[in-house]
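Undergrad: Dock chain B against chain A, hints included.
Take a look at the letters that make up each chain.
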Amino acid sequence: MNLRHRITLLVGLSFVAITAIGSYSVLESWKNAAEVKTVTEGVVPSALGAADLVAQLKEIQLATATLVTAPDSNIAMQVKDKLIAQKAQLKEGLNQQFQYASGDVQQGLLKQAREGLDDYFTAIDETTQFKLAGQTELAQATLFASVAQYQREMGQVIDTLRIEKNRSKDSAIASLNRNLSSAVTTISVATVMAILALGAFGALLYRRITQPISRMQTMMSEIAASQDFTRRVPVDQMDEIGHSIVAFNSMIARIQESSELLKQKTLDIQTMLQNMPQGILTITDGNRVHPEYSAYLETIFETRNIAGRGMLDLVFSSSSLGADALAQVEAVGGACIGEDVMNFEFNSHLMVGEIEKKMADGRVKILDLSWSPITDEAGTIVRLMLCVRDVTELRKLAAEANAQKQELEIIGEILAVPQEKFHEFIAGSIKFIDENEQILLQNQEQDSAAIAQLFRNMHTIKGNARTYGLQHLTNLVHEAEHTYDRLRKQRPDIAWDHAMLVQELAGVKDLIERYAKINEVSLGRKGPGRRGNVERYLMVDKQQIQQTIQRLEKVNTSNIHELVAARDAVRKSLHLLGTEPIGEVLAGVFESLPALAKELGKEAPIVKIEDNGYVLRSQASSLLKNVFMHLVRNAMDHGLETPAERVGQNKPAIGSISLAMDVSEGMLQIRLGDDGRGLALASIRKLATEKGLIAAADSPSDEEIARQIFRPGFSTADKVTEVSGRGVGMDAVNDFVKRENGRIEIRFLDHAQGADFRQFEIVVSLPESFAEHVDGDEALRIERARQELLMSESGSNSNNEGNPVLQLLKGGLRTV
Amino acid sequence: MAQILVVDDSSTVRNEVGDFLKANGLSVVTAVDGKDGLDKLKAHPSIKLVVSDVNMPNMDGLTMAEKIRNEHKNGAVGIIMLTTENSPAMKERGKAAGIKGWIVKPFNGPVVIGTLKKLVN
Chain A
1 MNLRHRITLL VGLSFVAITA IGSYSVLESW KNAAEVKTVT EGVVPSALGA ADLVAQLKEI
61 QLATATLVTA PDSNIAMQVK DKLIAQKAQL KEGLNQQFQY ASGDVQQGLL KQAREGLDDY
121 FTAIDETTQF KLAGQTELAQ ATLFASVAQY QREMGQVIDT LRIEKNRSKD SAIASLNRNL
181 SSAVTTISVA TVMAILALGA FGALLYRRIT QPISRMQTMM SEIAASQDFT RRVPVDQMDE
241 IGHSIVAFNS MIARIQESSE LLKQKTLDIQ TMLQNMPQGI LTITDGNRVH PEYSAYLETI
301 FETRNIAGRG MLDLVFSSSS LGADALAQVE AVGGACIGED VMNFEFNSHL MVGEIEKKMA
361 DGRVKILDLS WSPITDEAGT IVRLMLCVRD VTELRKLAAE ANAQKQELEI IGEILAVPQE
421 KFHEFIAGSI KFIDENEQIL LQNQEQDSAA IAQLFRNMHT IKGNARTYGL QHLTNLVHEA
481 EHTYDRLRKQ RPDIAWDHAM LVQELAGVKD LIERYAKINE VSLGRKGPGR RGNVERYLMV
541 DKQQIQQTIQ RLEKVNTSNI HELVAARDAV RKSLHLLGTE PIGEVLAGVF ESLPALAKEL
601 GKEAPIVKIE DNGYVLRSQA SSLLKNVFMH LVRNAMDHGL ETPAERVGQN KPAIGSISLA
661 MDVSEGMLQI RLGDDGRGLA LASIRKLATE KGLIAAADSP SDEEIARQIF RPGFSTADKV
721 TEVSGRGVGM DAVNDFVKRE NGRIEIRFLD HAQGADFRQF EIVVSLPESF AEHVDGDEAL
781 RIERARQELL MSESGSNSNN EGNPVLQLLK GGLRTV
Chain B
1 MAQILVVDDS STVRNEVGDF LKANGLSVVT AVDGKDGLDK LKAHPSIKLV VSDVNMPNMD
61 GLTMAEKIRN EHKNGAVGII MLTTENSPAM KERGKAAGIK GWIVKPFNGP VVIGTLKKLV
121 N
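Top line first, the protein sequences correspond to chains A and B. The numbers in this note's numbering rise by one with no breaks, and the one at position 570 of the first sequence is 570. The numbers in this note's numbering rise by one with no breaks, and the one at position 27 of the second sequence is 27.
Bound conformation, chain A alone (with noise of 0.2 Å):
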């Protein structure tokens, strides 16, 4: 049972009781009110009647005793009238005792008292006549006789009936009094049980519905108190309240979630705070920092006493800031915090983006500065958040990187001048530029004429720079140029400044020098025109150049990782700028080889190249490509078997020949060799003999045999073939060779002394500086780069003509 239904209970019981009491209430008056009017108009006046009645029998006695004593007829016939009435009177009072005679005893009073009334009132008759007609004794007589009789029966009977009467009447009133006060009684102790009864229920019910009450009230406070969600108010029953303990319980759960979430939240933002590489503050009103903050600002500002702070204080002292654009940032702060975000928008322009910090020890550190409002629901500015970032690095690379794509776009540019003209260009450039240094050692003041030569000699710096593209050299004349123009006006709006124009001069003339220098230097294009020192000079494709420009340009300065990535590929590329590996340099000769060997009827060979991590100099890929196209030609030609012939001698069908590139006893040595037959002792010797190169009497060693391929005019193939036999063999490759300060040598690899063939390789040694070395790592990450572009270019681009650090890795730099 809920609640209601006890409530409901409790009122409805109440109006039962209260009804049920009021209804008895009602029906005892009603019953003694008819009880009371018995009494009072019947008993009591019946009672009073009877008494009467006794009255009025002494009354007819009086008046029959006064007749028959009366005088003279006269008197007695007055006296008889009265009689008459008294009599009627009696009678009448007789008969309204009949109508009020209660039980038998009274009935049988009555009526005997009515049938003595007929005696006593006959015998009055008799008297009164007797009286009447004279005979007065007879009257007295009777009187005395039978009226006195009857007339004392008739008084016996009325006394002993006002008696009963008067029993009737007490007892009637005894009986009344009874019922009232039995009907009181009942009506107290029926009022009196129902409020008890009523009572104990309704404290039943209060304390049915205080207890649980003021038990949630605890927990509730308890609660809120304590901040403990996992507490639960317990449910005893499941009324109204029990309903709403478990509501409370489930809100109290949902409490507690939310309260768990919120901790998590807390605890991942304090974490975030904690570990997030970024400083992020807040600045409360008055500039001042707020105690939240993230970790790392301690580490940017290398300080534990921050929260609090004077934010000014904090982030811009020992800083770049001048106090202007302090005051302004302070300002700034004031005009935000506090009010409508609109005034941020109005203001945050003034907020500075970047500085640069001087630390306790001296560093500086360049620091970005990113500004938000954070508002409340109103749109206000509660807090101002700073997002402190160190750039230093960030810049450091961004400036790298530029610093190296200016020097690449200046070496482009160079690259599209002809060597004798550039030479030109500087040497004519240098010489203006000392002709201004002059003037303005001799000009501390205005003078017209030096500026005049001075805005000449600079306007020709800049068209001969402008003509050959020279960007990054004109966009600087032309400053200078411009200021010249300025002072050589009718009126200048500059005013002379000495140092200034010497500081101006001073730049023009170092980049002009960082433009000569990088020609001789990096490029090796030293004087008016010849190939650069291979020790000095490295030979750069023009191409590739502008490919690492174009990958320089692209790059997002903005993210780190990216020029980071740019940088490395960069750097990469100068690393290995004017260097190619044998196997790029030697491609073409390679690629010949099919076509070659079905001229010969042969298979073509399997090349096998090891480099031993060594890339060859640019300058050397040219003689190369002319030594290793002519000896790799007479071992397709002289050397390599037709597959019959190799099948006969148990070798593979296809042939191979190997070329490996190693440094030993500081010389870069190319080994080429070959499964082939072996050099051709006996048939050298026997043309050397025939040619008289070697006297037919001597015995010479197969070393010396062998070195009269070299001879000019020597060749042993039967015939001249379109191959190798054209005259111009050996010897010119020897020439080649040797002009490079190296050397070409046969080196024979088994030991059969003076048999016909005999196994062996050529070695090519030139000077070591015609090779570089990549250390292993780099040489890996080199070709894993390859791969993963060729992958990834594979599929859109098949000729990778367009990826300019493919055509880097690929060894774009071919000889220009």
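Simulated from the structure, these hints should not be mistaken for laboratory data. Be aware that a few hints might be false.
[Said to hold, decoys possible] Under the rule of at most 30 Å between Cα atoms (straight-line distance), these lysine-lysine pairs were calculated in the DSSO-like manner: (1) B:Lys105 with A:Lys365; (2) A:Lys396 with A:Lys358; (3) A:Lys365 with A:Lys396; (4) B:Lys48 with B:Lys91; (5) A:Lys358 with B:Lys105; (6) B:Lys48 with B:Lys100.
[Said to hold, decoys possible] Chain B is nowhere near these chain A residues, computed Cβ spacing over 10 Å in every case: (7) Leu13; (8) Glu35; (9) Phe121; (10) Ser320; (11) Glu339; (12) Met359; (13) Ala565; (14) Asp637; (15) Glu645; (16) Asn650; (17) Ala653.
Where is the CB? At the ideal position from N, CA and C, for every residue including glycine.
TA: Just chain B now, kept in the frame of chain A:
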């Protein structure tokens, strides 16, 4: 058409700000100090926004703002202060006078103009 009242004792600022607002299609009235500003406001009921300097002779910008607020209690006239500094006391007075914004000099026209146009209309 709603107008903007530019109040500044410096003719340079007055002209620069005024010309900029005019160039952006706003109708501008100028005044040289607070007193003049109040007179101009009376003379031109279509002024909906006041952009005012703080430090001026005769009557400073904040006093003018307070007087404007007393006469236009419903805030029908918006007030924006153009300032170089900012103190808590100034802000307190500004808040009481219903000042909507603080623009720290030098102001950034393109950023400010959009908001000003919104406030005027």
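Undergrad: Going through the numbered hints above, which ones does this structure break? Give me the numbers in ascending order.
TA: 11
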